[in-house]
Amino acid sequence: MPTFRRLLGFLRPHRRLLWGSMVFAWMAMGMTVLIPWLVGQAVNAVQDSDQTQLFWMVGAILVAAVLRLVLTVIRRIVAGRVSLAVEFDLRQEVYAHLMSLELGFFDRNQTGQLMSRATVDLQSIRFFLGYGLIFFSQSILTVLLAGVVMFVINPWLALIALAPAPLIVITALRYTRQSRPAMQEVAQRVAELTAQAEESVAGIRVVKAFAREDHQFERFQGAVDRLFDQSIRSTRIQAFFTPLIGALPQIGTALVLLVGGHEVLNGSLDLGQFTAFYTYMLMLAGPLRTVGMALGMGQRAIAAGNRLFEVLDREPRLTSRPDAIPLPEGGGAVSFDSVSLRYGPEAPEALLDIDLDVPAGSRLALVGPSGSGKTSLAALIARLYDPTEGEVSIDGTDLRDLEIPSLRHGIAYVSDDSFLFSDTIANNISYARADATPGEIERAARLAQASEFIEALPDGYETVVGERGLTLSGGQRQRVAIARALLANPRILILDDATSSLDATTEQQIRAGLAEAMAGRTTFVIGHRLSTISLADECVLMDEGRIIDRGTIAELTDRSSLFRELTGGSGDEPLFVPEDEEVLA
Amino acid sequence: MSAERREPTASGSGKATEPREANGHREIVAGRGRKIRWTLGLLRPYRTRIFFMVLAVLVSTGAALAPPYLAGRAIDAGIQTGDISALNLSIALFVIAVIVNAVTSWLQTWLVGWVGIRVLQDLREQVFKHIQRMSIGFFNRNRPGALISRMTNDIEALNQLISDGIVTLFANLLTLFGVVAIMLLLDWRLALVTFAVLPLLLVTSLVFRKYSAGAFRETRERIALITAHLQETLSGVRVVRSFGQEDRHIDHMTELNEANRQANMATVYLNASYFPATELLTAVGTSAILLFGGWQAIEGNIMIGVVVSFVGYLQLFFDPIQQLSQLYATYQQGMAALDKIFTLLDTEAEIVDGPEAIDPPRLEGRITFDDLSFTYEDPEVEAESGEPVRPAPAEPRWAVRDIDFEIAPGETVALVGSTGAGKSTLAKLITRFHDPQEGRIMIDGRPLPDYRQRPLRSQMGIVPQEGFLFSGSIAENIAFGRPDASLEEIAAAADAVGASPFIERLSDGLETEVGERGVQLSSGQRQLVAFARVILAEPRILILDEATSAVDTRTEKVIERALDEVLKGRTAVVIAHRLSTIRRADRIIVLERGHIAETGSHDELIESGGLYAGLYSSWTDSSAG
Ligand SMILES: Nc1ncnc2c1ncn2[C@@H]1O[C@H](COP(=O)(O)OP(=O)(O)O)[C@@H](O)[C@H]1O
Ligand SMILES: Nc1ncnc2c1ncn2[C@@H]1O[C@H](COP(=O)(O)OP(=O)(O)O)[C@@H](O)[C@H]1O
Ligand SMILES: [Mg+2]
Ligand SMILES: [Mg+2]
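These protein sequences, in sequence, are chains G and A. Here the first sequence stands for residues 2 to 586, numbered as in our numbering. Here the second sequence stands for residues -10 to 614, numbered as in our numbering.
None of these hints come from the bench; they were simulated from the model. The structure displayed is predicted, hence computed values, not measured ones. Positions of the beta carbon are idealized from the N, C-alpha and C atoms, including for glycine. Some hints could be false.
[Said to hold, decoys possible] Covered stretches of chain G, going by a simulated chain A footprint (3 or more residues, C-beta under 8 Å):
(1) 45 to 57
(2) 60 to 73
(3) 204 to 213
(4) 225 to 239
[To be verified] Label-pair ranges, simulated between beta-carbon atoms:
(5) A/R435 - G/F310: 58 to 68 Å
(6) G/P459 - A/V192: 21 to 31 Å
(7) A/T37 - G/E219: 47 to 57 Å
(8) G/I549 - A/S597: 42 to 52 Å
(9) A/V192 - G/I154: 38 to 48 Å
(10) A/S590 - G/A520: 21 to 31 Å
(11) G/I154 - A/Q304: 17 to 27 Å
(12) G/T438 - A/G599: 36 to 46 Å
(13) G/F310 - A/D342: 40 to 50 Å
(14) A/G599 - G/Q93: 52 to 62 Å
(15) A/R494 - G/F310: 31 to 41 Å
(16) G/R318 - A/R386: 40 to 50 Å
(17) G/E556 - A/S597: 31 to 41 Å
(18) A/G343 - G/T177: 52 to 62 Å
In isolation and in its complexed conformation, chain G is listed as follows:
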C-alpha cells in the first residue's frame, strides 16, 4: 500500500508528538483499567465495613480520575495538533505544487476539481492520521494484551477463541479491497459536484441572462444524484462488512462458552479460571468494533490520498534547467527561431514556423484575425507555454535556460481578459511589486488614465473590487490592468488587446501615458484598431498561426488587403498616415 506509506510519511516530522500522544493514550488507558480495580477494592472495603480503607480507595479513584483527565486532555491536544499540522502541511504542499505546474495543466483541469482536493479530501486524511491511527493503535494494543493474557490463562481456550480470527482478517481485507475504490469514486464525484457548483456560481450572470437556472440546476442535480448513488454503493459495502466484523468475534465467544462450559462441567476446567478468561474476552468486543471503524476511516484517507498524490505526482512540465541563469542584462531583444506551438497532441498548430527578430527597445504590433495566434505568440515570450518546436530567446538566451521567476519579472503582460483579484485597487496595481510606494502606484494609475476614476471612488485606491474586478466597468478594469503592468517596470511590455473596451477619447488620452511607459522597453502591442496599432513602429501581420507580412502601417496598408480589412483601413473610416511621432517620443 504505497499510498498508505506515503501518507504516514506526512507524520514523520511530527513523530515525536505522535509517539507522545500514543504514550499518553496508553497511560490514560492504564488509568481506565485501574479505576474499576480501585472500585472493586472499595466495594471490598464496604463488604469488610472498613471505613478508612473505603476513604483511601475513593481518594485513589479521584486521584486516578484527575490523572486520567490530565492525560486525556494532553493526549487530545497533542493529537489534534498533529492532525492539524498534517492538514496544514498537505495543503501547503498541494498548493505549492499547483503553483509550480504549467499553465497548460490549468487549461485542462477544472478549478472546482482542484479545489475539492485541497479542502474536502484533506479532511478525511486529517481525521485518519490524527484520530483514526491512535484509535487503531489503542485498540490493537488492547486486543494483543488481552490475547496474551488469555493465552497465559488457558492456551487451549485461547486457540478456540481465536478460531474466527482468520475469518475476521479475510473479511477485513475484503472490506478494504471493495470499499477503497468505492470511496475514491465518492471523492471523485464530490469533486465533480464542486466543479459544477463553481461553474454555476462563476457563470451566474450568463445563466441569469438566458434564464437557464433550471438547466443549471438540473446539471447540478445530476452531479448530486451521481454522488448520491455512489455514496449509497459505498454505504452498502460498509453496511455489509461492519456488522460482520463485529459479529465474527462473537462466534469465538459462543465457542468458548460451549467448549469451556462443557469442560467446567466435566471438571477439566476450573470455574474461576473460566470466568477470568471470559472477562477478558468481553474486553475485546469494543476494540474490535473500533478497528472496523478505523479501517473505514483508513480506506477513506487512502482514497483521498490517491487523489491528492495524483496531483502531487504530476510533474511540472515547464521547468527551468538546473543550471538556469537569471535574466541577463540587456535591452529586451526578442527572437523567435522556427517556432511552432500546439496546445495538445491532437490540436492544430496555433503557431507555425515563426521566425521573428525584435530588436531591443522597439515597438512591434501584432495584427491578425481572431485566433491567428497573436496571444499565443505573446504567451511564448513570457514562457507561459513552451514551443513545440524551435526556440524563443531574450537578449540572446534561450528562455529554457533562464530562471522562470527572473524571466517573468522582466516581462509585464496585460492579458486580454484583464483579470483582477478581489482585493483593493492599490493591491491590484502593485501586484507585481508588493513594495511599491503609494506614489508609485498613483503614478502608474495616472499613466494608465485610471487615477481620475479611482480617486472618485468612495475609498479611492483602497476600494475593494469584486470577484475578477467585476464591480468596475470594462474599461476601468482594463486600465487598472495596464497600471499593474506599468508599475512592474518590465523590460518587455506586452499589451494584448488591452484597450478594447476603451472609448476613443479615453484611448487617445491613454496613448500619451503608454508612450511614456513604453520608452526604452521592448513592447508588443496586440489590437484591432489602428489607433492601438499605431503605438508601434512596425507591424507583423499574422494569419492561421503564421507570420505573413511585416512592415510599417503605411507599408502594410499599401500592400496587404488583409491588413486593410483587419484594421478597417479600407472601409468607411477615414484614414491618415500617422503623424503623431511627437506623442511617442
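Let chain G serve as the given structure and place chain A with the ligands on it in line with the hints.
Frame of chain G; chain A with the ligands shown alone:
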C-alpha cells in the same frame, strides 16, 4: 426511489416571520426551534424509511444488549449450576442474538446511510437553488469560493453528525433509560445521588456550548476563506504566472492555512477539555456512590449486595452519557455549519417576483426609461455576514441618473460614452439584474416588476461585456439558451457571426471542447461563440455589450451584415466603440457620467456639434492613428 423524493422548501417554514438580530448568537438561539422544524421538513419525504430505520436501530440495540446477558446466563444458570441444557440453550440464544444483531445492524447502517446521505443531498440542492435565486448584487458582494464552501465543506461537515449521530443517539438513550429504570428500582436513594452529577454535566455542556459556538463558526469561515482563495488563484492563474507571483500567493495561502489551523486548534482545546471533563464527572459520581452507599451499608441502612450491584450498573449508566456528550460536541460542530447554511438561506433575494407578476406575452420590444436613477451603493443591502456594507452616504454615487427615453419596437439604439459612463449599467437594468432606486423601466408599457423575471429574460438576449463560456463543446455553448436546437441551427448561428471559419479549423469542429470558461479559445473566438449563443436564442430584445470588442474588423464586418438580418423586427441596444457599428444604429444615445448627454441619429449629432461630434473627431483621428 425518485418517487419518494420531494423537495421541502425553506420558505415554507416562515423564514420571513423571524426578525433578524444583529447579534449572531441570539439569532441562533432564537432560530433553534425553527431549525428543528425545518430539519423535520427535510426528513418528511422519507418518513417510511425513517420508520424502518428507527425500528432497525431499536431492534439492533436490543439485540446488542442480549449477548452479554445471555453469556451471563450461560455462566450463572448453566455452568455454575451444572445444567447442561440451560448452558446449551443460552448459547443457542446467544448465537441467534448475534445473528439478529448483525442483520439488523446491516439494515440499520444502510437505512441510516440512505436517509442521511439523501437529506444532505437535498440540502445541497436547496442551497444551490437558493444561491441561484439571488440577484446579481449578491454575487458582487460574495466571493464565489465562499458560496461554494457552503455547498461542499459545510455539507460534508454535517455528514459526520448525520451518519454517526442518529445511531449513537438512539442506542444510548435506549440504554440510558433502561439503566435508569433498573437503578431506580434497585434503590431510589442511591439512584438520586448518582443523578446528582447530571446538573454538573449540564453546566459543563452549557459552558462548552457557550465557548464552542464561536470557535466552530470560526472554522467554517476559515475554510470558506481558503476555498475562496483557491478558487480565485486558480481562475486567475494566467495572471499569477505571467507576473511570476507564485511565491506571493503561497505566502497568502500560508497565512490563511495558518489561520485555519489556529481556528481548528481552538476547537481542539475545547473538545479536549469537554469530553475528559465528563469522564471526570463519572468518576466523581462513582466516588459519591461509594462513599454514600458505603456509609449507608456500614451503618446498616442498605444491604451491601445492593451497593455492590449498584456500582456494577454505574458504568452502564455513565457509558451512554459519555457517548452522548461526545455526540453533543459533534452536534455543536455540525450546527456551526448548519448556521452558516441557514444564514445563506435566510439572505433574501433583492429582486423577487411579486405574486401578481405575469408571464410576458411575445414582446413587442418597446423599452421605456422613466426618470430612472440607479446606484450600486445601496445602503440597505447587507453582505452575507450580516453587516452593512458601509454607512449610507449623503448623496450616493449614481451610476446612471435621470434616464428618460424610449426605444420603439424594432429600433436599434446605440449607447455611446466613455468607459464608466453607465452603458453596461443600463444594459443590466434592462435585464433586471438590478432594480433602480428611482424611476422605472417599462417594457411594452408595463414596468419590469410586472413580469416574472425568467420568462422575461428568456425573451431577451444579452451578450455581457464579461463573456463566459461553460466547459463543454462549442455546440453545447452555442445551444445554451436553446438546448433543443438542432445541429444545423447551431451551425447556422455560428455561420451568422462569422465563427464558422475558425470552428472548421479546430480538430473536432463544433464538438471541440472549449475548456473552463473557454480558455482553449482565443478571446475573439470566445466572443464569437457568445454571440452565436445569443443569436440562436432568437430573443425579442437584443442587448450587445461590447460584444465584438476583441474581434477583428474583418470578422466584425461579417457580423454586421448578419446583424442586419438578425435585427429585423427586433429591438436592439448596442454598446460599442467602433464607429461603423454605431453608425448603423437608428438612434444614438450619448451617455456622460450617468446622464444622457444627447440623442439623435449619427448625422443629427454630428450636425449639432456636441459631445458625439467631439467623440467622432477623436475617432477619426484615432482610427487613422
Ligand atoms: N490554452 C489553449 N488551449 C488550446 N488551444 C488554444 C489555447 N489558447 C489558444 N488556443 C487556440 O490557438 C489558436 C490561436 O489562439 P490565440 O493565440 O489566442 O489567437 P489570437 O490571435 O486571437 O490571440 C486558436 O485557434 C485557439 O483556439
Ligand atoms: N457591480 C458594480 N458595483 C459597483 N460599482 C459598479 C459596478 N459595476 C459598475 N460600477 C460602477 O458604475 C459606473 C458605470 O459602470 P458601467 O456601466 O459598467 O460603465 P460602462 O459605460 O463603461 O459600461 C462605473 O463607475 C463603475 O465603476
Ligand atoms: Mg488574443
Ligand atoms: Mg461597459
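Task: Hint check for G/Q93 and A/G599 - Cβ pair distance inside 52 to 62 Å - done: With a Cβ separation near 59 Å, A/G599 and G/Q93 satisfy 52 to 62 Å, so the hint holds.
- [ ] Using the Cβ atoms, figure out if G/I549 sits within 42 to 52 Å of A/S597.
- [x] Holds: the Cβ-Cβ distance is about 44 Å, inside 42 to 52 Å.
TODO: Return holds or violated for the Cβ distance of A/R435 and G/F310 against the range 58 to 68 Å.
DONE: holds, 59 Å
Open item on the list: Does the beta carbon distance between A/S590 and G/A520 stay inside 21 to 31 Å, or does it fall outside?
Closed with: violated, 42 Å
TODO: Apply the coverage criterion to the region 225 to 239 of chain G and chain A: a residue qualifies when its Cβ sits closer than 8 Å to a Cβ of the chain, and three qualifying residues are needed.
DONE: holds (count 9)
Open item on the list: Can you tell me whether the CB distance of G/E556 to A/S597 sits inside 31 to 41 Å?
Closed with: Because 39 Å falls inside the window, the suggested range holds.
Task: Distance restraint hint 38 to 48 Å, applied to the beta-carbon atoms of A/V192 and G/I154 - done: holds, 44 Å
TODO: Could you see if the CB distance from G/T438 to A/G599 stays within 36 to 46 Å?
DONE: holds, 42 Å
- [ ] Go ahead and decide if the range 47 to 57 Å is satisfied by the Cβ distance of A/T37 to G/E219.
- [x] Since the Cβ atoms of A/T37 and G/E219 sit about 26 Å apart, the hinted range of 47 to 57 Å is violated.
- [ ] Given the hint of 40 to 50 Å, check if G/F310 and A/D342 actually sit that far apart at their C-beta atoms.
- [x] About 49 Å separates the Cβ atoms of G/F310 and A/D342, which means 40 to 50 Å holds.
TODO: For G/P459 and A/V192, compare the CB-CB distance with the range 21 to 31 Å and indicate the outcome.
DONE: violated, 49 Å
Task: Stated coverage of the region 60 to 73 of chain G by chain A [criterion: 3+ residues, CB within 8 Å] - done: With 8 residues close enough to chain A, the hint holds.
When the structure is compared with the earlier hints, violations turn up for hints 6, 7, 10 and for no others.
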